Amino acid sequence: QPKPRSASAEARDAAWELVRAAQAIDNPLAAYLPKSATFEARPRPGKAISSTTPPLRCQLECRRADDVSADDRDVIMQLISDNMSALYAESSWGWKEREKKREIFDDRHYFLLARRDSDKKLVGLANIRFDLDFNAPVLYCYELQVRSDCQGQGLGKFLLLSMQIMATRARMAKLMVTVFKANERTLKFFYDMRFKRDETDLGEQGENVDLDYVILSKTTSQ
2 QPKPRSASAE ARDAAWELVR AAQAIDNPLA AYLPKSATFE ARPRPGKAIS
52 STTPPLRCQL ECRRADDVSA DDRDVIMQLI SDNMSALYAE SSWGWKEREK
102 KREIFDDRHY FLLARRDSDK KLVGLANIRF DLDFNAPVLY CYELQVRSDC
152 QGQGLGKFLL LSMQIMATRA RMAKLMVTVF KANERTLKFF YDMRFKRDET
202 DLGEQGENVD LDYVILSKTT SQ
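Offset between the sequence shown (1-based) and our numbering: plus 1.
Do not take every clue at face value.
What the hints assert, rightly or not - List of simulated lysine-lysine pairs, DSS-like, C-alpha gap at most 25 Å:
1) 189 to 219
2) 219 to 182
3) 122 to 158
4) 36 to 97
5) 158 to 182
6) 36 to 122
7) 219 to 36
8) 36 to 158
9) 102 to 182
10) 121 to 97
11) 219 to 197
12) 36 to 101
13) 122 to 102
14) 101 to 122
15) 189 to 158
16) 102 to 121
To be verified - If you anchor each label on the Cβ, the simulated ranges turn out as follows:
17) 93 to 10: 34 to 40 Å
18) 133 to 192: 37 to 43 Å
19) 100 to 182: 16 to 22 Å
20) 10 to 71: 41 to 47 Å
21) 32 to 102: 24 to 30 Å
22) 119 to 12: 47 to 53 Å
23) 58 to 204: 36 to 42 Å
24) 90 to 211: 16 to 22 Å
25) 211 to 31: 40 to 46 Å
26) 103 to 32: 22 to 28 Å
These aren't lab readings, by the way, just hints derived from the structure by calculation. Given the structure is predicted, the values throughout are model-derived calculations rather than measurements. Using N, Cα and C, we set each Cβ at its ideal position, and we do this for glycine too.
Please put together the full structure from these sequences, using the hints given.
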């Protein structure tokens, strides 16, 4: 007679079922946010948008990583390099473009791509993956990037909120991200969005380690 399975094993299997169900969806943006594909910048309180530059307006699309065109791949890598290569170079990881490309274009990953209405150029992106992290079903954000001339208008927040809704509706436990400690502006952005150091972060566990990064998360119940 087979031994009864432990509660932890059953919980892990249930978590994997949620992850596999999410991974099976070709377009999670259409599945979970069917009416939220348009972003339009709004003036912040006390800060008007320049009258000479029209407000940023973008259409959001979702693609599996292996369905991204060669031209878009080049633009994506250039955007990540422009925003992140210096931070990587100053860290213990170093900037390794080939490894980064292999990571984000893994066929288990998705891209949220923001195209500007005025010229159809790709000006923002998120790279995400549904996964199991320490037996919890999570949506992991590997990249969240906005072109430098389009920053400060709310597009990054829009992408992050879209990911949070996707994580919630896919029944993931939390949305996770890794951030360089030296990237103070981005850390503040995530803390302002109510992210906290994740329980899996070694510093949060009291480990006496000197790492270049922190692991942040926000539970879908928040």
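Checklist line | Cβ distance range 22 to 28 Å for residue 103 and residue 32, holds or violated | finding: 27 Å, holds
Check: Is residue 158 within 25 Å of residue 182, Cα to Cα?
Finding: 20 Å, holds
Margin query: Please verify whether residue 189 and residue 219 have alpha carbons no more than 25 Å apart.
Written below: 14 Å, holds
Item checked: Restraint status (C-alpha distance of residue 102 to residue 121 at most 25 Å) -> Roughly 23 Å between the alpha carbons, so the hint for residue 102 and residue 121 holds.
Notebook entry, point to check: Straight-line Cα separation of residue 219 and residue 182 no greater than 25 Å?
Noted result: 18 Å, holds
Item checked: Whether the CB-CB distance between residue 119 and residue 12 falls inside 47 to 53 Å -> Given a distance of about 49 Å, which is inside 47 to 53 Å, the answer is holds.
Note to self: Checking one constraint from the list: CA of residue 219 to CA of residue 36, max 25 Å. Satisfied?
What the structure shows: The given pair, whose Cα atoms are some 23 Å apart, holds under the 25 Å limit.
Notebook entry, point to check: Does residue 101 pair with residue 122 here, judged by a C-alpha cut-off of 25 Å?
Noted result: 22 Å, holds
Notebook entry, point to check: How does the Cβ-Cβ distance of residue 58 and residue 204 compare with 36 to 42 Å: does it lie in that range?
Noted result: Hint holds: Cβ distance 40 Å, inside 36 to 42 Å.
Check: If you check the beta carbons of residue 90 and residue 211, does the distance land in 16 to 22 Å?
Finding: For residue 90 and residue 211 the Cβ distance comes to about 18 Å; the hint holds.
Notebook entry, point to check: Hey, residue 122 versus residue 158, does the alpha-carbon distance stay inside 25 Å?
Noted result: The given pair, whose Cα atoms are some 19 Å apart, holds under the 25 Å limit.
Notebook entry, point to check: Is it true that the CA of residue 36 sits at most 25 Å from the CA of residue 101?
Noted result: 32 Å, violated
Hints 4, 10, 12 and 18 from the earlier list are contradicted by this structure; the remaining hints agree with it.
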